[in-house]
Amino acid sequence: MNRILPVLTVVLVIVALWYVAAVGMNRAWVYDQASRAGVEPPGLGGLITATINQERPVLPAPHQVAAELWKSTVGMAVTSKRSLIYHGWITVSATLLGFAMGTVLGVVLAVGIIHNRAMDLSVMPWAIASQTIPILAIAPMIIVVLNSVGLQGLVPKAIISAYLSFFPVVVGMVKGLRSPDQMQLDLLKTYNAGDAAAFWKLRLPASVPYLFASLKVGIAASLVGAIVGELPTGAVAGLGARLLSGSYYGQTVQIWAALFAAAIVAAGLVALIGVAERGALKRMGMAR
Amino acid sequence: MTLVVLSLMFWAGAWVLNVGLAQSAVTRSRAGRLLVPAIFGITVLVVWEGMVRGLGVSPVILPPPSAVAARIAVSLPTLWADFLQTAVKGALLGYLIGCGAAVLTAIAIDRSPFLQRGLLPVGNFVAALPIVGIAPIMVMWFGFDWQSKAAVVVVMVFFPVLVNTVAGLAASDRMQRDLMATWSASYWQGLFKLRLPAAMPFIFNGLKIASTLALIGAIVAEFFGSPIVGMGFRINASIGQLALDMIWAEIAVAALAGSAFYGLVALIERGVTFWHPSQRH
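Sequence order for the protein chains is A and B.
Numbering of the first sequence is given in this note's numbering, commencing with residue 1 and proceeding in unit increments.
Numbering of the second sequence is given in this note's numbering, commencing with residue 1 and proceeding in unit increments.
Careful, some of the hints might be misleading.
No farther apart than 27 Å at their CA atoms in a straight line, the calculated lysine-lysine pairs in the DSSO-like style are these [claimed, not checked]:
1) A:Lys189 - A:Lys201
2) B:Lys193 - A:Lys216
3) A:Lys175 - B:Lys208
Not close to chain A: a few residues of chain B, all C-beta gaps over 10 Å, as computed [what the hints assert, rightly or not]:
4) Asn18
5) Ile61
6) Ser172
Keep in mind the hints are simulated off the structure, nothing from the lab.
Computed from a prediction, not measured in an experiment: that's the story for all the values here.
Every residue, glycine too, gets a C-beta built ideally from N, C-alpha and C.
Using the sequences and the accompanying hints, generate a full structural model.
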């Protein structure tokens, strides 16, 4: 509980700095308008009210972003093309589909890697090396190529998400499945347990904490993948499309609202996995 | 069809060879450990080439590796210009500024536990956010050239490095700090002689995470607007022309640059944190 006060202070400082920055960055426009209208530039009070209430500010003030968020989530029908819930759902559905695909693939590959030495030696270095490659950069290409094969809509985005969430899961699961120490494995051997029994009764349960840690990384990566995957399709639907169309038309408030919606979604998804983690670890008696 | 069968046979042969190598004593040596993944990598390239040629896959969908290699050989000057624009000006500069700012911020809030307790959860939260989303805003603020890309990279790398540095500065244990105190070391002496060196493994962990983020940030930011040079621009423009060989060439360059960058950071880490158990063999 002693963390709430410091966090609140930091958040308040950030908001205050934000307002100062908004006044500073939007000032030029106000002065420009004043000189065009041939009137004296406003004083400090007038300047502040003029800068934080512009329609297309360089930096929208926090309350403008909050108002836009409120307007485009609560104040609008969910089916509307301008509703952030509609766009958010499109992104989230691609994220979740991709995340599920990536997780299943990652777990399967990890199981293969720990049971087959040749696979371990040949695939693992590449899996690690692939982390250093900016995979996100090829997202547009994947979308376009899949489009030309006839795959459209949800699946191409989900494939990018799957690709991004796949490697954290592989690396985490390999670590987790190897985490039981030699003593425990030897004990199972004295019980005459085979590889399968050792896997189900020891390795898999031992890997659960590692799995959840990599799931958290994986779902955040999935969301980034889904958002970037929406960019090259020409801003049709989704949070990425809102970012892109906002940047085309100079709608800064819309960009910031979409950005915050993405942040809220990311935080929500990670928190959801956190809840599942706590529940699972508690049931398994591993809660710390 | 023969090409397909041949490539499948090559795959099977390479797999048998790898299984044999994996069980033999060869993998004890360092060279053997490099040999097995190398064989696997070559297999992937051969099967890719054979499948694409054998099945007659259109180069608009997937070009064979040989076509990509030919494209790289032909357009080296273009690729070099793109590399300079995106990787050196955008990613590297942003990386240096962002990481420097993060380490300095961590040291600045080091003396205030209150600020740390407040900033750490916020930093952790921000590190999980899709920060690439700020790319359109940065392009609006700093223009199309590399400055906006560097700005995106600064924001992307800042929080992972900050969180890791703060965790690292807390890594030295009580006993060691007490020892410094018995020598009547000042705060700064304690910081530079004990706590910063002890934090290095953590800092480098953050730096390594950031090194992969930097290139991604610089490339994706170019999708929102760029001058007519740069890796992200080239990828985006080549999609329009369906010049997939050019895209793969850029990806190869990006992969090389990303791996080299990561390798460089890892090399520096080995030199700086030679004392850490994970570096002793």
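Cross-check of the supplied hints:
no. : hint                : result
1   : A:Lys189 - A:Lys201 : holds, 12 Å
2   : B:Lys193 - A:Lys216 : violated, 36 Å
3   : A:Lys175 - B:Lys208 : holds, 19 Å
4   : Asn18               : violated, 5 Å
5   : Ile61               : violated, 6 Å
6   : Ser172              : holds, 23 Å
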